[in-house]
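*Asks:* Sequence:
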Amino acid sequence: MISRDLASPTYSVRLLAFWMIAQVATLALAAGRFPLSAHFFEPAERMAVEELLVLQLLVASLAFPLLLQTIYSALAVLVTAPAMLLVANALSRYPIGSVLPAVAYVELVILALATWAQALQSLRGQVIGLCVASGLTVFATVLWYLSREYRPESNDWLQYVSPIVAALRVLDQSGKIWAFAVIPLAIWLVGVIVLLAHRRPARTP
Numbered sequence: 001m002i003s004r005d006l007a008s009p010t011y012s013v014r015l016l017a018f019w020m021i022a023q024v025a026t027l028a029l030a031a032g033r034f035p036l037s038a039h040f041f042e043p044a045e046r047m048a049v050e051e052l053l054v055l056q057l058l059v060a061s062l063a064f065p066l067l068l069q070t071i072y073s074a075l076a077v078l079v080t081a082p083a084m085l086l087v088a089n090a091l092s093r094y095p096i097g098s099v100l101p102a103v104a105y106v107e108l109v110i111l112a113l114a115t116w117a118q119a120l121q122s123l124r125g126q127v128i129g130l131c132v133a134s135g136l137t138v139f140a141t142v143l144w145y146l147s148r149e150y151r152p153e154s155n156d157w158l159q160y161v162s163p164i165v166a167a168l169r170v171l172d173q174s175g176k177i178w179a180f181a182v183i184p185l186a187i188w189l190v191g192v193i194v195l196l197a198h199r200r201p202a203r204t205p
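Here the sequence shown stands for residues 1 to 205, where the numbers follow my numbering.
Derived by calculation from the structure, the hints in this document are not laboratory data. Errors might be hidden in some of the hints.
[What the hints assert, rightly or not] Calculated lysine to aspartate or glutamate pairs in the EDC-like style (CA-CA distance at most 20 angstroms, straight line): (1) Lys176 - Glu50; (2) Lys176 - Glu149; (3) Lys176 - Glu107.
Take the sequences, apply the hints, and build the full model.
*Replies:* Structure, rendered in structure tokens:
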């Protein structure tokens with residue numbers, strides 16, 4: 001189980017504050033037209049939604065399960081994530097029909113993480129969950145980039161595994177959201193089953 005210090009309300013508030021500060025800082029960089037590479041898009045604020053999508057998925061997975069350890073903190077993340085993405089879209093100016101599917105995908109990923117944050121009871125399980133969540137978000141994204149860089153003709157199946165790549169694909173409408181939502185939806189359903197199994201009262205002899 002998570003230690004008392006880490007499970008305290010104060011620690012949850014600090015993590016939620018970090019969640020919000022990181023998003024505000026990302027929006028400030030976009031609004032300030034800060035280029036993230038030598039050949040960045042012009043104007044730079046056009047990439048605000050993409051930058052915030054990546055930031056939200058990174059923080060949610062790397063801070064898992066502590067960021068989503070209570071129902072209240074999970075609800076706070078689920079409510080603020082789409083709100084901040086819509087604020088970012090004021091800079092990017094995507095059609096709302098393009099942004100909402102990406103918002104829905106991010107919400108589904110966060111919901112899956114929140115469910116597993118409640119389902120994982122032991123410290124060992126939580127560490128394994130952190131490794132899986134960060135591996136899908138970071139490692140699968142790096143593998144996707146390398147496969148596109150060195151083997152562009154290969155089947156691009158990694159785009160369905162990496163939440164970051166999938167969210168960006170949904171945003172640019174290069175795929176239907178349901179094709180990308182299969183994996184996080186399956187992860188969420190399995191998490192619900194595990195959570196219900198843990199909470200089922202034991203039979204008395």
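*Asks:* Look at each hint and say if it fits the structure.
*Replies:* Here is what the structure says about each hint:
1. Lys176 - Glu50: Holds: Lys176 and Glu50 sit about 17 angstroms apart, inside 20 angstroms.
2. Lys176 - Glu149: This hinted pair is violated, its Cα atoms lying about 24 angstroms apart.
3. Lys176 - Glu107: 16 angstroms, holds
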